[in-house]
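Undergrad: So the protein sequences, as listed, match chains A and B.
For reference, each letter of the first sequence is one residue, going 0 to 534 in numbering that gives the first Met the number 0.
For reference, each letter of the second sequence is one residue, going 0 to 263 in numbering that gives the first Met the number 0.
Hints were generated in silico from the structure; no laboratory data involved.
Hints are not guaranteed to be accurate.
As the list claims (entries may be wrong) - Calculated pairs, SDA-like style, for lysine to any residue (alpha carbon to alpha carbon, straight line, at most 25 angstroms):
(1) B:LYS174 - A:TRP416
(2) A:LYS236 - B:PRO113
(3) A:LYS493 - A:ALA449
(4) B:LYS70 - B:SER102
(5) A:LYS406 - A:VAL73
(6) B:LYS262 - A:PHE267
(7) A:LYS406 - B:ILE232
(8) A:LYS406 - B:MET101
(9) B:LYS111 - B:VAL155
(10) A:LYS406 - B:TYR34
(11) B:LYS174 - A:LYS34
(12) B:LYS262 - A:THR246
(13) A:LYS234 - A:ALA23
(14) A:LYS458 - A:TRP416
(15) A:LYS234 - A:THR246
(16) A:LYS406 - B:SER226
(17) B:LYS55 - B:GLY139
(18) B:LYS222 - B:PRO113
(19) A:LYS493 - A:ALA23
(20) A:LYS293 - B:VAL155
Small disclaimer: the values here were computed from a predicted structure and weren't measured.
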Amino acid sequence: MKRPKFDPKQAPGAVADWADQRLAGASPLRKLFNKVFPDHWSFMLGEIALYSFIILLLTGTFLAFFFTPSSAEVVYHGSYVPLRGISMSQAYASALNISFDVRGGLVLRQIHHWSALLFMAAIVVHMLRIFFTGAFRRPREMNWMVGFLLFWLGFLEGFAGYSLPDDALSGTGLRIADAIMLSIPVIGTWVSFAIFGGEFPGGDRIFSLLYIGHVFLIPGIILGLIALHLALLVKQKHTQWPGPGRTEHNVVGHRMFPGFAAKGGGFFMIVFGVLALFGGLIQINPIWLFGPYKAAVVSSASQPDWYVMFLDGSTRLMPPWEIRIHLFNHGYTVPPIFWPTVVLPGVLVTLGLLYPFLEQRFMRDRAHHNLLQRPRDVPTRTGLGAMAVTFFVVLTLSGGNDVIADKFDISLNAMTWAGRIGLLVLPPLAYYLAYRIALGLQQHDREVLAHGVETGIIKRLPNGAFVEVHQPLAAPDEHGHTELPYRGWVVPKKMNRIGAIGPAIKGFFVPVEQPEEPREVEAEEQREEITSGRR
Amino acid sequence: MTAAPVDRRPRRTLRQKLGTGARLVAALVLAGGVYTAFAPSSHAEDTKQLSVAAQKGQQLYNTSCISCHGKNAEGVQDRGPSLVGVGSAAVEFQVTTGRMPMSRQEAQASRKTPHFDDTQAKQLGAYIESLGGGPQIPDGDLRKGDVAAGGELYRVNCSSCHGFSAGGGALSSGKYAPSLHPSTDRQIYAAMLTGPQNMPVFGDNELTPQEKMDIISYVQNMKSDQSPGGWDIGAIGPTTEGLAIFLIGITALLFATLWIAGKS
Numbered sequence: 000m001k002r003p004k005f006d007p008k009q010a011p012g013a014v015a016d017w018a019d020q021r022l023a024g025a026s027p028l029r030k031l032f033n034k035v036f037p038d039h040w041s042f043m044l045g046e047i048a049l050y051s052f053i054i055l056l057l058t059g060t061f062l063a064f065f066f067t068p069s070s071a072e073v074v075y076h077g078s079y080v081p082l083r084g085i086s087m088s089q090a091y092a093s094a095l096n097i098s099f100d101v102r103g104g105l106v107l108r109q110i111h112h113w114s115a116l117l118f119m120a121a122i123v124v125h126m127l128r129i130f131f132t133g134a135f136r137r138p139r140e141m142n143w144m145v146g147f148l149l150f151w152l153g154f155l156e157g158f159a160g161y162s163l164p165d166d167a168l169s170g171t172g173l174r175i176a177d178a179i180m181l182s183i184p185v186i187g188t189w190v191s192f193a194i195f196g197g198e199f200p201g202g203d204r205i206f207s208l209l210y211i212g213h214v215f216l217i218p219g220i221i222l223g224l225i226a227l228h229l230a231l232l233v234k235q236k237h238t239q240w241p242g243p244g245r246t247e248h249n250v251v252g253h254r255m256f257p258g259f260a261a262k263g264g265g266f267f268m269i270v271f272g273v274l275a276l277f278g279g280l281i282q283i284n285p286i287w288l289f290g291p292y293k294a295a296v297v298s299s300a301s302q303p304d305w306y307v308m309f310l311d312g313s314t315r316l317m318p319p320w321e322i323r324i325h326l327f328n329h330g331y332t333v334p335p336i337f338w339p340t341v342v343l344p345g346v347l348v349t350l351g352l353l354y355p356f357l358e359q360r361f362m363r364d365r366a367h368h369n370l371l372q373r374p375r376d377v378p379t380r381t382g383l384g385a386m387a388v389t390f391f392v393v394l395t396l397s398g399g400n401d402v403i404a405d406k407f408d409i410s411l412n413a414m415t416w417a418g419r420i421g422l423l424v425l426p427p428l429a430y431y432l433a434y435r436i437a438l439g440l441q442q443h444d445r446e447v448l449a450h451g452v453e454t455g456i457i458k459r460l461p462n463g464a465f466v467e468v469h470q471p472l473a474a475p476d477e478h479g480h481t482e483l484p485y486r487g488w489v490v491p492k493k494m495n496r497i498g499a500i501g502p503a504i505k506g507f508f509v510p511v512e513q514p515e516e517p518r519e520v521e522a523e524e525q526r527e528e529i530t531s532g533r534r
Numbered sequence: 000m001t002a003a004p005v006d007r008r009p010r011r012t013l014r015q016k017l018g019t020g021a022r023l024v025a026a027l028v029l030a031g032g033v034y035t036a037f038a039p040s041s042h043a044e045d046t047k048q049l050s051v052a053a054q055k056g057q058q059l060y061n062t063s064c065i066s067c068h069g070k071n072a073e074g075v076q077d078r079g080p081s082l083v084g085v086g087s088a089a090v091e092f093q094v095t096t097g098r099m100p101m102s103r104q105e106a107q108a109s110r111k112t113p114h115f116d117d118t119q120a121k122q123l124g125a126y127i128e129s130l131g132g133g134p135q136i137p138d139g140d141l142r143k144g145d146v147a148a149g150g151e152l153y154r155v156n157c158s159s160c161h162g163f164s165a166g167g168g169a170l171s172s173g174k175y176a177p178s179l180h181p182s183t184d185r186q187i188y189a190a191m192l193t194g195p196q197n198m199p200v201f202g203d204n205e206l207t208p209q210e211k212m213d214i215i216s217y218v219q220n221m222k223s224d225q226s227p228g229g230w231d232i233g234a235i236g237p238t239t240e241g242l243a244i245f246l247i248g249i250t251a252l253l254f255a256t257l258w259i260a261g262k263s
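Please model the complete structure; the sequences and the hints are all you need to start from.
TA: Right, dumping it as structure tokens:
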């Protein structure tokens, strides 16, 4: 009997069929592959965070092969000459070893660290998009909370990673963390002793906690929450911008397979490429300059990574107000650091988590929403967002105020006071400005809908007045007005947007299309002669 | 009738006149010689000891420094401190870094293009040294130290103001610790020895000359270090790193999202 010939074209189908018969995955996968992703660019910001997290896992696994989380004292004999013969913890020695003696270690360490910064930056930018467009409204309040928690988990994860190498900067950071724990009234000392296993630095205990926290526990929780984040996204489907053909009951875009898969895969490569360039070209966290952690070693310009810097800033701005309370024959002290580093983050977490519910309450809007809102259409929310961003930026800049003072020749004291005053004055100002700008943009939209698009053609009336000719967007009534409803989406404001003139010249550096050649005047053409002043 | 007065005194001979003169001169010489031999002679010695370099230094001092530091370097109220006893190390540091002559009174004198060259700075130093002594920079190679030991000393003693990467840092009220990147070996040594402006003095009991040379070796080694990780973006830690991830990273990826969304 003749054996059937192997047909390579049939192979993928045959394998898939084999798997489907055993796993019955076809119908759930078909559902997933058919999920629709909207096309708008602002929907890709969260992807940056997801892709940098994947890169964090990959590079982190590599680093874990060579890192030793131990405070055991060793003498360094590696390649970096200026530290040879210095006694240091094994953790720091292994981090140096990764940087100088493991092939590719430094570039992967740097990619890992840059990815962490990008992960947090992308989370924040993504969160701003969600906030300003109202994507967190019912039914997506839970997903907002999950995303918000992801920021704080990333915050913890990043801090643990920053602390692990046991260089002098990590040690300074841990010392500050210890001071923050100690500032909690009544239980502060117990919290600190429990975490450090005694008086700071307390030996190996903290490294075990940080290491297991950083490589297993927190990434595990983050991974779980990301899975939940995406599962909710699939279950509830995407939001979308309003526009032609887009309603509360549909979602328009590319399907997961093949359109979005190609798009997303390509974008992953771009994110990876940008991070690889960062890791290869820009130095980050040069631990070899910091030296091993010793309690007496500190440096000017000791800052945490950017996403923790707002807490550093709040601490720098806090006036030295200390509260002493006597209760039951015991004296209790509430140090000033308690307010900016324990109370403030607590308030921020609570307010952020509950924001969707607070807004529902105050705006009396408990309806289902799948269509997004333009920031200009909800001036109050836009104002609050601008206020929050300003608050965060003032604190973050204050976290680096000594660097700013040094590089721009400003007095450090002036920077501190500018931060204090700015923290109180600028957020309300930002609220007011954002609110007014939103109203102004709204008004302009309504104006165009009523009067038409500005053509840029100026007409002189018989009485001498000048008016600009408007192109109405529909047939106007006897007053020249049109009554078009606002649809919550972009109103055309230029003639080329409504096809009345050619499209804008495309091309960033070189025009893709050439403008039309001016018509040459023929020599024999008769030109009219007009005497100036008389007609 | 009157007769012309006649000089009745016996005429002194020329010889007699000469003799009187000679005796007078001899007496003066004797008196002067005895005085010179017995009188305190500090003034004479003082001018004698000024070396050629110090004399030149004095000339430079009298043209460029005297208005603030006074005629005898005793200082002028609200303008400049006394320089008696500061030593040549302080003078050399201030002059070769361009801090002196100072352009204006402010929180702190900053480094600028030096007004005098190294020879002139040494001459000024010699003059000030001659007024009341003080610390001096040793001659010879100041970089013969142990880099690793210097690094440890640097991190304990210097980095709290100058920063881990010696790029400088802010102090209170507009004062600052300057960057060490343009500093020479002699300048670093002189700074430790004399504690200019807001810097504490690290005398030879705090940091021995060998330890000072260790630190100099470390600082100069760090400067020649070709930052192995790439562009060091100022080597001032997480501040510029955070700026870079937003200005370069997020910006580039936002353009990427616009590009991808524009294609679909």
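Undergrad: Does each hint fit the structure? Answer for all of them.
TA: Against the structure, the hints:
Using a Cα cut-off of 25 angstroms, the hinted pair LYS174 (chain B) and TRP416 (chain A) holds, with the two alpha carbons roughly 16 angstroms apart. The straight-line distance between the Cα atoms of LYS236 (chain A) and PRO113 (chain B) is roughly 69 angstroms, outside the 25 angstroms bound, and the hint therefore fails. Between LYS493 (chain A) and ALA449 (chain A), the direct Cα distance comes to roughly 15 angstroms. Compliance with the 25 angstroms bound is thereby established for this hinted pair. For the hint linking LYS70 (chain B) to SER102 (chain B), the alpha-carbon distance of about 20 angstroms falls within 25 angstroms, and the restraint holds.
A C-alpha spacing of about 38 angstroms is found between LYS406 (chain A) and VAL73 (chain A), which places the hinted pair above 25 angstroms, so the restraint is violated. Pair hint LYS262 (chain B) plus PHE267 (chain A) holds up; C-alpha atoms about 16 angstroms apart against a cutoff of 25 angstroms. Between the alpha carbons of LYS406 (chain A) and ILE232 (chain B) the distance comes to roughly 13 angstroms, so the proposed pair stays at or under 25 angstroms and holds. For the suggested pair LYS406 (chain A) and MET101 (chain B), the alpha carbons sit about 21 angstroms apart, so the restraint of at most 25 angstroms is met.
Proximity of LYS111 (chain B) to VAL155 (chain B) is assessed by CA-CA distance (about 28 angstroms); at most 25 angstroms being required, the pair is judged violated. Proposed proximity of LYS406 (chain A) and TYR34 (chain B) is contradicted: the alpha carbons are some 66 angstroms apart, above 25 angstroms. Restraint check for LYS174 (chain B) and LYS34 (chain A): not satisfied, since their Cα atoms lie roughly 61 angstroms apart, outside the 25 angstroms limit. Proximity of LYS262 (chain B) to THR246 (chain A) is assessed by CA-CA distance (about 23 angstroms); at most 25 angstroms being required, the pair is judged to hold.
Restraint check for LYS234 (chain A) and ALA23 (chain A): the C-alpha separation of about 20 angstroms stays at or below 25 angstroms, so the hint holds. Our distance criterion of 25 angstroms between C-alpha atoms is broken by LYS458 (chain A) and TRP416 (chain A), whose separation comes to about 54 angstroms. Among the hinted pairs, LYS234 (chain A) with THR246 (chain A) is consistent with the structure: their alpha-carbon atoms are about 18 angstroms apart, no more than 25 angstroms. Our distance criterion of 25 angstroms between C-alpha atoms is met by LYS406 (chain A) and SER226 (chain B), whose separation comes to about 21 angstroms.
Simply put, LYS55 (chain B) and GLY139 (chain B) have alpha-carbon atoms about 24 angstroms apart, close enough for the 25 angstroms limit, and the pair holds. The hinted pair formed by LYS222 (chain B) and PRO113 (chain B) meets the criterion: a straight-line CA distance of about 22 angstroms does not exceed 25 angstroms. Restraint check for LYS493 (chain A) and ALA23 (chain A): not satisfied, since their Cα atoms lie roughly 54 angstroms apart, outside the 25 angstroms limit. Using a Cα cut-off of 25 angstroms, the hinted pair LYS293 (chain A) and VAL155 (chain B) holds, with the two alpha carbons roughly 9 angstroms apart.
Comparing the model with each numbered hint stated earlier shows that hints 2, 5, 9, 10, 11, 14, 19 do not hold.
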